[in-house]
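J.: One-letter residues, chain by chain:
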Amino acid sequence: MSVRYFAALLLAVFGATAHAQGFAGMGTSADGYALPQPGTEFAFPADHGAHEDFRIEWWYLTANLRDQGGTDYGLQWTLFRSALSPESNEDWQSNQFWMGHAAITTPDAHFSTERFARGGIGQAGVTAEPFTAWIDDWQMTGIETGRLTTTGPNFAYDMEISAQGPFVPQGESGYSVKSEAGQASHYYSQPFYRIAGTLTLPDGPVEVEGQAWLDREWSSQPLSEDQTGWDWVSLHLDTGEKLMGYRLRSSIDPPYTVATWITPDGTPEPYPAGALTMTPTATSDVDGRAVPTTWRLQLSGKNLDISAAALNPQAWMDTAVSYWEGPVKVTGSHPGIGYLEMTGYD
Amino acid sequence: MVLAVDDVWKSYPGESGRIDVLRGVGLAMAAGETVALTGESGSGKSTLLHLVGGLDAPDRGVIMVGGEDIARLGDSGRAALRRDRIGVVFQQFNLIPSLDTAANIAFQARLAGRHDAAWCADLAERLGLAGQLRQFPEQLSGGQQQRVAIGRALAGRPGLVLADEPTGNLDEATGDAVLDLMLELVADTGAALLMVTHSERLAARLGRRLHLHAGEIS
Amino acid sequence: MWIAGLSALLSHWRRKPLQLATLVLGLALATALWSGVQAINSEARASYADASAALGETRYAQLLPREGEIPLARYVALRRAGGQVSPVVEGRMTLAGESWRLIGIDPLTVPGDVAPSGANIAGDLAGFLTGGGRVYAPPEATGALAQALDIPVLPADGIAPGVLFTDIGVAQRLLGLDGGISRLILRDDQPLGLPEVATLAPDLDLRRPEQGSDVARLTDSFHLNLTAFGLLSFAVGLFIVHGAIGLAFEQRRPMFRTLRALGLPMRTLVILVCLELLLFALIAGAIGMVLGYAIAAALLPDVAATLRGLYGAEVDGSLSLRPAWWLAGTAIAIGGTALAAAGAVWRVGRLPILAAAQPRAWARASERRLYVLGGGAAILALVSLTAGLFGSGLVAGFVLLGALLIAAALALPVLLHAFLTVATRKARGPLAEWFWADTRQQLPGLSLALMALLLALSANIGVGTMVASFRLTFTGWLDQRLASELYVTAETEAQAPALRAFLEPRADAVLPIWNIDGRVAGLPAEIYGVADHPTYRDSWPMLESLPDVWDLVAQGEAVLINEQLARREGIGPGDPLSLPGAWEAQIGGVYSDYGNPVGQVLVGLPHLVARFPDIEKRRFGVRIAPERTADLARALRDEFGLPAQNMIDQASLKAFSLQIFERTFTVTAALNVLTLSVAGFAILTSLLTLAAVRQPQLAPVWALGLTRRRLAALELARALLLAALTILAAIPVGLLLSWTLLAVINVEAFGWRLPMFLFPRDWLVLGLLSLMAAALAALWPARKLARTPPAELLKIFVNER
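Chain order of the listed sequences is A, B and C.
Under this note's numbering, the first residue of the first sequence is numbered 1, with each subsequent residue one higher.
Under this note's numbering, the first residue of the second sequence is numbered 1, with each subsequent residue one higher.
Under this note's numbering, the first residue of the third sequence is numbered 1, with each subsequent residue one higher.
Below, simulated SDA-like cross-link-like pairs (lysine to any residue); rule was C-alpha separation at most 25 Å, straight line:
| no. | chain 1 | residue 1 | chain 2 | residue 2 |
| --- | --- | --- | --- | --- |
| 1 | C | 795 | B | 15 |
| 2 | C | 784 | B | 12 |
| 3 | C | 654 | C | 472 |
| 4 | C | 795 | B | 77 |
| 5 | C | 426 | B | 110 |
| 6 | C | 784 | B | 14 |
| 7 | C | 795 | C | 13 |
| 8 | C | 795 | B | 17 |
| 9 | C | 795 | B | 57 |
| 10 | C | 795 | B | 35 |
| 11 | A | 329 | A | 290 |
| 12 | C | 617 | C | 580 |
| 13 | C | 795 | B | 71 |
Label-pair distances were calculated between CB atoms; the ranges are:
| no. | chain 1 | residue 1 | chain 2 | residue 2 | range |
| --- | --- | --- | --- | --- | --- |
| 14 | C | 206 | A | 89 | 29 to 35 Å |
| 15 | B | 15 | C | 294 | 42 to 48 Å |
| 16 | B | 180 | C | 271 | 49 to 55 Å |
| 17 | C | 118 | A | 251 | 32 to 38 Å |
| 18 | C | 279 | B | 40 | 44 to 50 Å |
| 19 | C | 18 | B | 67 | 45 to 51 Å |
Calculated directly from the structure, the hints in this document are not laboratory data.
This one's a predicted model, so the numbers in the text were calculated from it and none came from an experiment.
Heads up, the beta-carbon is just placed ideally off N, CA and C, and yes, glycines get one too.
Next comes chain A alone, as it looks inside the complex:
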């Protein structure tokens, strides 16, 4: 298939990059779409489903896995939704656009693939009850306990998940501010999944188990024009505590950082902007791109000073919208494992 064709296609839909910045980077206004409102209480299970009146939304699951021989793996399963216009329609005329990304990372390989679909015909979608998120044959069925499947040209996986803790609202009770200017999204996570299953790799199937983290986010507002990319981590610390943090890079201002500390029982402790510092300490060459693949993270309130290093620095998502996404190993004051995502380096 023509990569250029789809790159151009996605450029039109999402702007230059994926995830937070990319999704918010389209257009210049949210005219006609619903807007995130502070103080909105999540209503489950309805909010697990799609919010089609919002412009963008995703179901974003990452997992740190290990096989019986002690080899570490990373896994990604993402479903993006975007409304192409505020006006909703049936069948082929649907305004809903869906994109799936999936990947497996091993210490020395990275497999990724993608799918596209439009809403309205049943090829892709999310239903809240019973929970099913799908595009083609990729599925996530069940959100407390469930099954996660993906197939690609050179890999596949079939996993069981079960949540060991509650859903955790990010930001101010789920209202997550993305810049000084006040752009925001609704954002909650499920960082407490146990996950186990089979990865099918070119060399054959591998039985694995580990921890997974689901992010749910929806919004209609673009990021600021000057925001050039984003570095995001979700960490499972050995103590059972979790840390979500991100750094939005700007072409004119210093980076804007946000963090949420999550206790083992699922209580979020949101930190104000600037509390977290993220510093790249090593850069890898990924097909000619300079990508920071080791980070120093410091969170003053927790005496946290750790280093997160990529399991495989070459975990580049070579999809139509491309970015870096892969598992990390955490050392320092609070050792553990986690996932790193970086956009805007291509």
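Put chains B and C on the given structure of chain A with help from the hints.
T.: Same frame as chain A, but now just chains B and C:
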């Protein structure tokens, strides 16, 4: 008189106006007479021969052949004259390439309706062509070809035989032999012979000699 | 040395401008006809390629429905099973007075190279997918379409003529389709562990990309026909070139000798000769390309009309210049020159410095040549016979045809020589003997031109007989096939019953004409229902059938198929046939169905309706006394407001069918005339070049007592005689050719065999025309001879005056 030519003029277009090739030529020949027509190149000998042979018409003057003024004849009249009364032998032989020796010898006689098979066979025999009757001109030597041409000229027993340098394309020995044959056969048929040549030696062998200089008999 | 040598060689042409013109013009004509045909072919093929690339036909495997369309749910189920397939909707619609093929794609799943290169779908995805959508059209058509559509029409390069691109949803709306999908493109990047397509979609037909597009397969034969014609014209042109080169080289033998004697090495001489020829080839090639372009541009609209009428294939009516075409044209010009000159150059390479003492033995050489020609003719005749007896397929058909034609051409001088030898022997009188003998001697010089004439004439007779036979058969068939006097189509499904009720008391019979499109034996086919009515029993053009076949059809126990389908699949009465809808039928009969590119099946109407209740029931054939047709049409218009195009009477339908038929052969006829003109030109140039050589041969005959006019008349008679003999020889060759076309080529190309009819009047006309052409060609040199001044002829006899 077999042939009487009086005050014949002929000019051809040249680079600077017309060139008078013949300027009031006159001559006369009786039956059985042999005449050599000599002169340097360009003196008009061949032109005179062609006019006498009905191959071309004079600008003015009288050419009587067998008592008829051929200068007045049209195209078809001259063709009939050539066919019926005159035999010609050219320097280049000019046989008909698609016909064999026998057919070439008989051709003109048959055209004129005077074909005599016995005479033709006799001619071929005497010309030494009996073995070549079924051969085509391209298969014959120069001397053989000229002998065919002589046979052709005499096959119809014409009153007048014209020859234009008949041995000019042959070596001396062959030429002499061919000329001997021609003179012998012409004498046998009683025809008059007018032969153009530039060779004094050959001219001496004919009964009379006329010299053409700058378009006039001198 | 090189320059001096080349200029010496070229000086010949300055003195013989006619020979030069013959050479260049012959080569230019050959190149022109060949490259013109190639231009037409490549233009048409490019159009198909665009069209089938638009459908992903050439690059990707496809899943096709056995009948009707693929339901949306089937597509989604396939996607949800992991199959990477992309849906395509296609249909025809009339916009701004023209018929368009509307193609709807899903840009989110389609392989990137299927969408037209010039369409910026990605940059405008929201606009393409939502709102009213967008339509991409060939740039020149956007203006008219913008008026006819309520959504933006955008220009895009790389769209085949007559094709519109849009989103699948928009296409379904515009075509009035209800969620159905025409076909699925199978992407390359299928996921790991996906079951075989056969298991995944056993209900759909898989077509591999190498099977090509329907259009390309259907039109292959048509283009092969054109190519064969181009090749024939090229061959005829090469005869001229060969003659001109041969003569020029013959006349330059003394010059070659002199050059060699002056110290020019043999290699250099041969290279110089080749350079000279290359120069001519390039010049003539360029002229030929311009001519060829003009020919192609003039013929293309007719070809496009033919292809549209006969195959429904859209071809752009305008010609674009492709670099490959220029290259191929130049190559063919050079190749043709090389072919035509090979013998002459080879002889130059073996030329002794000293001339042989004897002039060339023409008679013996030509005798040897006759043996070679006769041998060649015999071998080719054998090849032709072998291809006819044991070969199969279109290529074997053309081998048969080509070998036959060349064998006939090679045999011609042999036959003429034999005839003239007998005539010479039988001739009485010196002039007759000379005439025949001389004619025979002229044969080698004229035989190339005569061979060209034979080729052109026999092609003309063959193709003419084929077309005329076809026309006769076709009109007779139309009379049988178009039995109803009036064909009525209801405007809507709802209107149809009322229409029928209105018609029934007013007409002798109302015969439904209802059909579905499906696939039979893997290719598109039409399945028609026929009512049990004497109209069909009496007049259907049946070729072979089981006894009481109409009863069997009425009872649903047998179906009828057209000849194309029967021949393509090698099936006939008594054989089983799988129809859409898991319908296992038995073939009861085969009928002729000329002009139809696809297979057709006729089934009993009630049985078709029972299996396909949703079939469109709008068309009827009405049996009525012909004089009442107009009144009935008027009544229908008044009662139902039916537009004229929904009521077609038999006569206009016939006229329309015949018009398509005639257009189909317009190109053939044009090429035929061109080929014949080339042959005429060949005769003219041969006679003109011979005339110069002839003088020394004619002069002695003149000197021995023939007038110039008489000689000229004989020369004219000679040319006419040879032309007449060639025309006589061309008739049997043409008939053989025609038989091959009708019984072999047509069957392979179109799927039908036609009876052969003879049209002696046409031959007579053609013969007279050719004689006139030959007479005209011979008149010029003959007149020249008649008017040659004696002084000119006398030069033959003397070198001095």
